[in-house]
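Chains as they are written, first to last, in the numbering used here: chain A, 1 to 311; chain B, 1 to 385.
Mixed in with the good hints, there may be bad ones.
As the list claims (entries may be wrong) - Partial list, computed: chain A residues near chain B (C-beta under 7 Å):
no. : residue
1   : D118
2   : I119
3   : T147
4   : G148
5   : R151
6   : P165
7   : S250
8   : F254
9   : A255
10  : Q258
Just so you know, these hints were derived from the structure itself, not from any lab. Keep in mind the model is a prediction, meaning the values are calculated, not measured. Heads up, the beta-carbon is just placed ideally off N, CA and C, and yes, glycines get one too.
So you can see what is in the structure, the chains are spelled out below.
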Amino acid sequence: MNRNFSREVENNMVNVLEIVEDEYIHPGTRMCAGCAMSLIYRFALKALGPKTILTVPASCLTVLHGMQGFCTTKLSVLHTPFATTGASASGIVASLEEKGLADEICVVAFAGDGGTTDIGIQALSGAAERGTNFIYACYDNEAYMNTGVQRSGSTPLGAFTATTPGGKTRPKKNMPKILEAHGISYVATANGSYPLDLYEKFKKARDIKGTRYIHILSACPPGWGYDPKDTIRIGRLANDTGFWPLYEISNGKFALSQPSKKFLDPAKRKDIEQYLSAQKRFSNISKQDIETYRNYIRDQWNEIKRRLENQ
Amino acid sequence: MSLKLSKNNPHNKAILTTGNYACAEGAIAAGCLLFAGYPITPSSEIAAYMSRRLPEINGTFIQMEDELASIACCIGASYAGKKAMTATSGPGLSLMAENIGLGVMLEAPLVIVTIMRGGPSTGQPTNASQSDVYQVRYASHGDYQIIVLAPSTVQEMYDLTIRAFNLAEKYRTPVIVASDGFLGQMMEPVYYHSNFEKVERKKPQVPPEKYKPFEVFDDDLVPGMAVAGTDYHFYVTGLTHDIEGTPEMTPEGGETLIKRLCDKITRARPDINDWEEKYIDDSDTVVLAYGINARGVPEAIEQARQQGHKMGYVRLKSLWPFPDELMEKLGRQGISKLIVSEMNYGMLIRETQRFQHLFEVSGITIPTTIPFSPKFIYKKMMEEI
Chain A
1 MNRNFSREVE NNMVNVLEIV EDEYIHPGTR MCAGCAMSLI YRFALKALGP KTILTVPASC
61 LTVLHGMQGF CTTKLSVLHT PFATTGASAS GIVASLEEKG LADEICVVAF AGDGGTTDIG
121 IQALSGAAER GTNFIYACYD NEAYMNTGVQ RSGSTPLGAF TATTPGGKTR PKKNMPKILE
181 AHGISYVATA NGSYPLDLYE KFKKARDIKG TRYIHILSAC PPGWGYDPKD TIRIGRLAND
241 TGFWPLYEIS NGKFALSQPS KKFLDPAKRK DIEQYLSAQK RFSNISKQDI ETYRNYIRDQ
301 WNEIKRRLEN Q
Chain B
1 MSLKLSKNNP HNKAILTTGN YACAEGAIAA GCLLFAGYPI TPSSEIAAYM SRRLPEINGT
61 FIQMEDELAS IACCIGASYA GKKAMTATSG PGLSLMAENI GLGVMLEAPL VIVTIMRGGP
121 STGQPTNASQ SDVYQVRYAS HGDYQIIVLA PSTVQEMYDL TIRAFNLAEK YRTPVIVASD
181 GFLGQMMEPV YYHSNFEKVE RKKPQVPPEK YKPFEVFDDD LVPGMAVAGT DYHFYVTGLT
241 HDIEGTPEMT PEGGETLIKR LCDKITRARP DINDWEEKYI DDSDTVVLAY GINARGVPEA
301 IEQARQQGHK MGYVRLKSLW PFPDELMEKL GRQGISKLIV SEMNYGMLIR ETQRFQHLFE
361 VSGITIPTTI PFSPKFIYKK MMEEI
């Protein structure tokens, strides 16, 4: 870790020493061992600071928040039905605007991939189209983990879930692209294995007006089928294989983030099989599907390259 | 998962399985070929089981993007001629509400399973409840009747799911199976028997050129149903419609349709309503219970009878349409008191209070998530008499 942090410092990224010491979640959450989301949530809240209101639909995050007189989050949280996260945020924002507090207090919707790509997409799209002044963060563990690992629109090709016993036959929905199509002020991807990059993006998003969307890949030991100690390694493989590139789009301008920059060169990317074979959910994946992954990654990076060249 | 057991089970041996799996097997036994659903605790295992089981019999499992989509998919499948089912729990059923009304309006046979959990809102996802007794009856807006069955055992999760499909086909209507978080998750021995009649929906009774989607020829008020994509053309809508299926906005048109939709269910009450009863003939006091919460009642009654109390019980297997005939029968038998026992703050008890001219009504109505033990029911009964 130290080696990687120092490398990031060299590249003018946020320094680990710059991260605020204040904690906004108490220790002792109810998350599974090795859950990337608890790390994501911790760093995101550090970046957002105390003047933040959260709205959260049904998800693993509602489990994290604790029970029986024990709440792990120090910030104010409003729980909202599964389908209405974007709409709930719209209401909070409207009220703050009327009170003249909208610049001071940041409204953040924090939802899982099911609550974002499936049931929540309508409310999110509505809020984004209205240019609602809020941050929508999707922590993407690529299935309905809270209810026992059923597939979501964000489950990747070939992954086994409780409702895709033969492996999913369709690829992952590209949610950042859908949000970008709304013409919102900020879209970024992040990864639980790169907390400094994630911190920086939340920090940046906090100071931007309009709808801001951050989609964070969140490795899940029980749902993906790997040893909890490997969470950071698995997340890094998603980056190193080029499967989950880290980038941000500020007012239409596309920029690759530091951890993903070097993978513009295909030779530097690891083969996707390393990522897939490390997870039990891909244990029955076909050769054809692996080839589809290779093509997908190739096309994805060609598109990134074209964008960088043309802007 | 009991999948291998169920596949190899020769249908004459009991196997140990959960209520949710038994429900899924019941659906398959009844001829269900499409399941559309969305994950929600404590019903998700039904979807997970169906995702494995349906492809084996050339059926279709679709995980939808939400509950609106799940039930809408079932209505579509039903109109294209398949027996369809979805399963959910309280918050999911709330999202299905509008489409339940559409299912009633279009007279689409389909089965909705709800595994009740504590509410309102997110409530207690991993616990049992009977607090959706009104929700299953009144989820949609509008004036309508609906059939709701209430299993008490894992065996009944199988049996009543089959019955739900049969009633849906027979009366061309959505049927709800109202189970709960315990019954869905707990394991009991089940016979996956096949000694039942499989009901298929009424076919069009006239040739294609004379077909009107909602023209009724029989006393049961149920019109014959064409399959989408065949020679029979139909146009159906959620708007109030005439027998042609086209919108009909006159007061009389609305009255005719709503009366028929309601009457076809209420007139069939003697066929639909089902219950188990014991010691009714010689009882002064009768306990009425249903679902998981009825399981402690027989033992409490036996104890009371050993103490010389003239008590009996009724366990409802169908909740809606409410069995008025049963209440009248209890009145005729001369019972003086009915004690309604339910895991909510008093829901079905209000229906029984319509019969207070026949007997006194009191309740053990507690909005808890633990079914009442025989000891607790006995204690409460003794306080009541």
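Holds or violated: A/R151 as interface residue toward chain B, Cβ cutoff 7 Å? 6 Å, holds
Restraint outcome when A/Q258 is required to lie within 7 Å of chain B by C-beta distance: Not OK, violated: A/Q258 not within 7 Å of chain B, min 35 Å.
Grab the minimum C-beta distance from A/T147 to chain B and call the hint holds if it beats 7 Å, violated otherwise. A/T147 check passes; min Cβ-Cβ to chain B is 4 Å, inside 7 Å.
Regarding the hint that A/P165 lies at the interface with chain B, is the smallest CB-CB distance below 7 Å? 5 Å, holds
Have a go at the A/S250 hint: is there a Cβ in chain B nearer than 7 Å to its own Cβ? With a closest approach of 30 Å, the A/S250 hint is violated.
Interface hint outcome for A/A255 [beta carbon to chain B under 7 Å]: The hint is violated - A/A255 has no Cβ within 7 Å of chain B, the shortest such distance being about 32 Å.
Given A/G148 as an interface hint, is its Cβ closer than 7 Å to any Cβ of chain B? 5 Å, holds
Checking hints one by one. Is A/D118 an interface residue toward chain B, by the C-beta closer than 7 Å rule? This hint holds: A/D118 lies near chain B, its Cβ roughly 4 Å from the closest one there, short of 7 Å.
Just to be careful: measuring from the Cβ of A/F254 to every Cβ in chain B, is the smallest value less than 7 Å? 29 Å, violated
Once the shortest beta carbon distance from A/I119 to chain B is found, is it less than 7 Å? 4 Å, holds
Hint compliance for this structure: hints 7, 8, 9 and 10 are not met, and every other hint is.
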